[in-house]
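Asks: Going down the list, the protein sequences come from chains R and S.
Going left to right, the first sequence walks through residues 1 to 341 as this note's numbering numbers them.
Going left to right, the second sequence walks through residues 1 to 341 as this note's numbering numbers them.
Simulated from the structure, these hints should not be mistaken for laboratory data.
Among the hints, a few may not be true.
Identical chains blur together in the list; that is why a pair holds if it fits in one copy or across any two.
Unchecked claim - Straight-line alpha carbon distances no greater than 20 Å define the calculated EDC-like cross-link-like pairs of lysine to aspartate or glutamate that follow:
#1 Lys-223 - Asp-305
#2 Lys-314 - Glu-333
#3 Lys-42 - Glu-257
#4 Lys-203 - Glu-338
#5 Lys-176 - Glu-257
#6 Lys-196 - Glu-46
#7 Lys-42 - Asp-153
#8 Lys-190 - Asp-153
#9 Lys-203 - Asp-91
#10 Lys-54 - Asp-305
#11 Lys-203 - Glu-29
#12 Lys-253 - Asp-221
#13 Lys-139 - Glu-257
Just so it is clear, the structure is predicted and the values come from calculations on it, not from any experiment.
There are 2 protein chains.
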Amino acid sequence: MSDLTLALDAMGGDFGPQVTVPASLQALERFPTLNISLFGDKNSIERYIPPSFKQHKRLTIIHCSQVVTTHDRPLTALRSRRDSSMRRAIDMVAKGDACACVSAGNTGVLMAMAKLILKTLPGIDRPALISILPTLNNKPVYMLDLGANVCCDSDALLQFAVMGSVLANKVDNIAKPRISLLNVGEEAIKGNAVVKQTAELLKEVEHLNYIGFIEGNQIFDGKTDVVVCDGFVGNICLKTTEGVASLMISHLKQASESSWLMRALALISKPFLKKVLQKVKPDQYNGASLLGLRGIVIKSHGNADQHAFFNAIKQAVIEVEQQVPNRIQDSLESILLEKIC
Amino acid sequence: MSDLTLALDAMGGDFGPQVTVPASLQALERFPTLNISLFGDKNSIERYIPPSFKQHKRLTIIHCSQVVTTHDRPLTALRSRRDSSMRRAIDMVAKGDACACVSAGNTGVLMAMAKLILKTLPGIDRPALISILPTLNNKPVYMLDLGANVCCDSDALLQFAVMGSVLANKVDNIAKPRISLLNVGEEAIKGNAVVKQTAELLKEVEHLNYIGFIEGNQIFDGKTDVVVCDGFVGNICLKTTEGVASLMISHLKQASESSWLMRALALISKPFLKKVLQKVKPDQYNGASLLGLRGIVIKSHGNADQHAFFNAIKQAVIEVEQQVPNRIQDSLESILLEKIC
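Build out the structure end to end from the sequences listed, making use of the hints.
Replies: If you want it as structure tokens, here you go:
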């Protein structure tokens, strides 16, 4: 790995520097050629840096006077948060001084700022949010868009398919990622006009390994590598996944408190359950990428802990090494060429 | 409970009479004034009727020469399955000889047949599929539409809200059911044009207790009684819920087979886990209603077992007793009156 610099928004997320700083230090130890620029309130950041790291050569703190809050609206934040940790981290990527940026802050503002400052790749209308979900065969599945675009036409969904395919290919070394469209049934007659049109477009692109429609339960069956949908459906689907997992965990807790026998059984089965929950815990799958930009932007979950934020940083490192934006551009050009020929 | 007759499609679902017949007999024992007409292949049905039930006064078998298959398309089935068990069960409701119909067969065909034969209530454009999901506080939440309408405008979503509210009020005795709209965020600026327009409509109807937007994870938090969405989102969301539950069960199995220690722990924790899984198992929540028709139609899950199909019959009995279609019509009239005044 050659030297690479990441710009991190230290103030984003529910816990800010308390989580982002220790995760950054962990990443510096894990990746010996990584440089990190931490953007945010200098005092707050330094509070979480132990003496041994104070003079770290690969760590730079850049003070910012503002923070993007969860209540900020994209348009307002674009105008009034010019000295925010999020904005300045993205600026550093735009200037070419950092290879990627990571933030656990306000998703809407991050997307708006990233799009305005970094711009989209040629052939991409709007960036999309992509992340991985667990499956039955333990191989993760990519899903996009997870909320960047509430309304999408078939051209947008085709672009998402290209981007998802590149990411699965470059990050997970899947030779021909299996792409599917999320729908209310597997048959060609099912669904709304947009998914039907997109299916026709995808069938025509030889460059992509389109396998057809899938239903909500099939996301997790390990038979697809990339699930494509609009951001309205994708976001609701992702949040539903989190909701069901929380529901099951809550019922486990309730049951374990219902009687002395259940308490005892819950205690005995703890290591067993821990192993299972680890596999479906969202932390393992943290770090959603904002794809389609002329730069790499990773969105970490708002309530990410140190482990989760570290995973988001790791995702940024991998995407830099694999030059994901360049690969997306190459793929788009191949498809355009395919259409012309 | 006064005498009531149900028309049951004995052939629908993955298991047909093997499940529907024992569930019907169970219902006859549970409800002493219930009469059941079982539609389907006479020989197949009789195979599952023990000698003690052969001459049961409240059980009638009506032979049908056809069956609706899972591959049948709605329009084709409407024309060519006139002597199917599903069609004839609906016909019996239309003639006024049965109070409700239950089927575990092809959802698309059931909806198309029910709409054509029974017709929608005045003020309802299209029927909607509604079911209940589990929540953190153990009180179920109603969700609609679950797939009857892939495209919906704000008027349709308003009608869904009215129907969901009536069902939660009449079946679960909730005085003022809290109605929410499924969206990608809670703030008013979030979402697509249709949900925003629907929110405005719902705010104006004093008759309804509209509480605002909710996200996917909030479906299960027990803070809403009725979740309204279009059938595309609702179906994917419901299937995703099933997918996550299956994923967790599969990981539990995998972990329990990974070592002798895990095997032992899994065995010991079985009664504990069983208690938890029972709470989130879809069987407990089986029996989706097709609301908005001039009659009661209950759709049971295709892979329903006896317990699940019995629950669907029970749901039909409750809706008949509570005169759900009449109540929906009254509510719609009140809202229309509210608008005029």
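Asks: Check each numbered hint against the structure and report the violated ones by number, ascending.
Replies: 1, 2, 3, 5, 6, 7, 9, 10, 11
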